[in-house]
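Undergrad: Protein sequences appear in the order of chains A and B.
Counting in the UniProt record's numbering, the first sequence runs from 1 upward without gaps.
Counting in the UniProt record's numbering, the second sequence runs from 1 upward without gaps.
Worth flagging that the hints you see were computed from the coordinates, not collected in a lab.
Ideal placement from N, C-alpha and C gives every residue a C-beta, glycine not left out.
There may be inaccurate statements among the hints.
[Unchecked claim] Pairs of lysine-lysine, BS3-like flavour, derived with a Cα cap of 30 angstroms:
(1) A/K128 / B/K191
(2) B/K191 / A/K192
(3) A/K138 / A/K192
(4) A/K128 / A/K192
(5) B/K226 / B/K129
(6) A/K138 / B/K191
(7) A/K128 / A/K138
(8) B/K73 / B/K226
[As the list claims (entries may be wrong)] Now the stretches of chain A that chain B is said to cover, found in silico as 3 or more residues with beta-carbon under 8 angstroms:
(9) 73-79
(10) 85-91
(11) 100-106
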Amino acid sequence: MSHFVELDNITLRYGGEDTGTVALEGATLRVARGEFVAVVGPSGCGKSTLMKALSGLWPVNAGTVIVAGREVARPLEIVGMAFQNATLLPWRTTLDNVMLPLEIVQPHRGRLRRHRAEYEARARDLLKLVGLAGFEQKFPWQLSGGMQQRASLCRALIHEPELLILDEPFGALDMFTREELWGVMQDLWMTKRPTVILVTHDLREAVYLADRVHVMSARPGRMVHARTVDLARPRTLEGTYTASFTAITQELREHISHARAAA
Amino acid sequence: MTDTTVARSAASARPAAAPTRKPWLASRRNLERALPWLVVIGLFLVWEVGVRAFSVPQFVLPAPSVIFESMWKWRVPILDNAWQTLFTTAVGFGIAIVFGLVTGVLIGSSSLIYNGLYPVLIGFNSIPKVAVVPILVIWFGIGTVPAIITAFLISFFPILVNVATGIATVEPELRDVLRALGARRRDIILKVGLPRAMPYFFASLKVAITVAFVGSIIAETVASNKGIGHLMMVASSRFDVPLVFAGLLVTALMGVAMYIVANIVERRMTGWATRGMDGGMSAPQG
Numbered sequence: 001m002s003h004f005v006e007l008d009n010i011t012l013r014y015g016g017e018d019t020g021t022v023a024l025e026g027a028t029l030r031v032a033r034g035e036f037v038a039v040v041g042p043s044g045c046g047k048s049t050l051m052k053a054l055s056g057l058w059p060v061n062a063g064t065v066i067v068a069g070r071e072v073a074r075p076l077e078i079v080g081m082a083f084q085n086a087t088l089l090p091w092r093t094t095l096d097n098v099m100l101p102l103e104i105v106q107p108h109r110g111r112l113r114r115h116r117a118e119y120e121a122r123a124r125d126l127l128k129l130v131g132l133a134g135f136e137q138k139f140p141w142q143l144s145g146g147m148q149q150r151a152s153l154c155r156a157l158i159h160e161p162e163l164l165i166l167d168e169p170f171g172a173l174d175m176f177t178r179e180e181l182w183g184v185m186q187d188l189w190m191t192k193r194p195t196v197i198l199v200t201h202d203l204r205e206a207v208y209l210a211d212r213v214h215v216m217s218a219r220p221g222r223m224v225h226a227r228t229v230d231l232a233r234p235r236t237l238e239g240t241y242t243a244s245f246t247a248i249t250q251e252l253r254e255h256i257s258h259a260r261a262a263a
Numbered sequence: 001m002t003d004t005t006v007a008r009s010a011a012s013a014r015p016a017a018a019p020t021r022k023p024w025l026a027s028r029r030n031l032e033r034a035l036p037w038l039v040v041i042g043l044f045l046v047w048e049v050g051v052r053a054f055s056v057p058q059f060v061l062p063a064p065s066v067i068f069e070s071m072w073k074w075r076v077p078i079l080d081n082a083w084q085t086l087f088t089t090a091v092g093f094g095i096a097i098v099f100g101l102v103t104g105v106l107i108g109s110s111s112l113i114y115n116g117l118y119p120v121l122i123g124f125n126s127i128p129k130v131a132v133v134p135i136l137v138i139w140f141g142i143g144t145v146p147a148i149i150t151a152f153l154i155s156f157f158p159i160l161v162n163v164a165t166g167i168a169t170v171e172p173e174l175r176d177v178l179r180a181l182g183a184r185r186r187d188i189i190l191k192v193g194l195p196r197a198m199p200y201f202f203a204s205l206k207v208a209i210t211v212a213f214v215g216s217i218i219a220e221t222v223a224s225n226k227g228i229g230h231l232m233m234v235a236s237s238r239f240d241v242p243l244v245f246a247g248l249l250v251t252a253l254m255g256v257a258m259y260i261v262a263n264i265v266e267r268r269m270t271g272w273a274t275r276g277m278d279g280g281m282s283a284p285q286g
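Taking the hints into account, I'd like the entire structure generated from these sequences.
TA: Rendered as structure tokens:
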């Protein structure tokens, strides 16, 4: 019961009982409050499915998902989520997009109208933190891909969720933008200290950001290895080329090769 | 359905025009603006010349000059009847907007309602509305009410289909953004479904307004004692062919005017979907 997030032996199937695809089988994951955990694995191993199970978007077929001591049956309000695509609403300005969760999640929903200025200031602060000051009134299509993804991170954080679920949020970006956003993400995490679960296929990203990296097997996915990353924070991009850093990525890479070979 | 494809093409992005104005660009824009007028004038000129050259009898095809003359001569009854038609069309169209929007949202957001209602609506839409008018006359008598109802019946369908399409085709990713926050179904429809359907809705308004005129004029021709349709019936029974054509012309003018209104409202409301599309209207339809 001590863990903030507990995924216990979960199985998740798409489609019918017999004919459907088994995406996850016996996946177990525990995350402490305030921890930053990354999940890596070969493509198609069910990483995104794991996030869907965790967020309550897809019900699991077997096993339990517990977040903050409650079993997850439907999406939770204490969760913020960012996806591979920025998925900003094109008819809203950046500021309004970031403020969207406040219109949904209680208690903000009820307070938003009367405390609008206060919330707007909060959104502006967040945007400033990710380097989007001055773009508040721009529409998503007026922003670059990297800027959209930053805004999407702000949207995931605006209601100060206790758990942040990141489903390959930097996957669609070029390398330079991606590396820049790692820094942004690290700063955000170090200032707000939410619990973060990040799914990625980029090992450098996982090791740069996470306290612990879990490796998943090929489909049906389950956890086959966990590696604690005890590098000092804040981590730097230069640091990703040091021997201790590459040793960890190398180790993870081998585990993934095993996982792929086993498939 | 042509209306949905038009909505798609309107929603797709185009690169914005360069901010620096080149002189040839300005003259091209002027040409674009003048082109519709030039086409109309050219059409009338060809028509006029053709009628004169082949000395077509007036009761077959009157020349534009004769039509305009007749228009001027009968301007008072034409305006009076045009007002009636505009009124019935606008009322029928207004009801169609409300009904189409509400039903469209219901059908688009629930597959249960979709499956139950859609076949019925398709069947209903296949009925020629002119065949319904006699029934409406039996129910409501001759006059304004059947015309309003016919305009409504003929114009709600494109609105409904487009709104339903817009809501039903919301990207699952966008829906997940709200679902992950624990949003209720109503929230998702209000925050994502409806705004997302707006470009479809406005595209359909442009189709619907033109067919609404068809509806009211059909009803006026069959059973009414006022309106442009009625005026044309009376004129044709007196072999006043120029006046019949004058009625057609006035109807076309009202249609274009309403179309422009719908277009302006659309641009105001859904600028995000037609970004970078400057100058001119999107392709007319209907």
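Undergrad: Against this structure, judge whether each hint is valid.
TA: Hints, verified against the model:
no.: 1; hint: A/K128 / B/K191; verdict: holds, 25 angstroms
no.: 2; hint: B/K191 / A/K192; verdict: holds, 28 angstroms
no.: 3; hint: A/K138 / A/K192; verdict: holds, 26 angstroms
no.: 4; hint: A/K128 / A/K192; verdict: holds, 15 angstroms
no.: 5; hint: B/K226 / B/K129; verdict: holds, 19 angstroms
no.: 6; hint: A/K138 / B/K191; verdict: holds, 19 angstroms
no.: 7; hint: A/K128 / A/K138; verdict: holds, 14 angstroms
no.: 8; hint: B/K73 / B/K226; verdict: holds, 19 angstroms
no.: 9; hint: 73-79; verdict: holds (count 5)
no.: 10; hint: 85-91; verdict: holds (count 5)
no.: 11; hint: 100-106; verdict: holds (count 5)
Violated hints are absent here; each numbered hint is respected by the structure.
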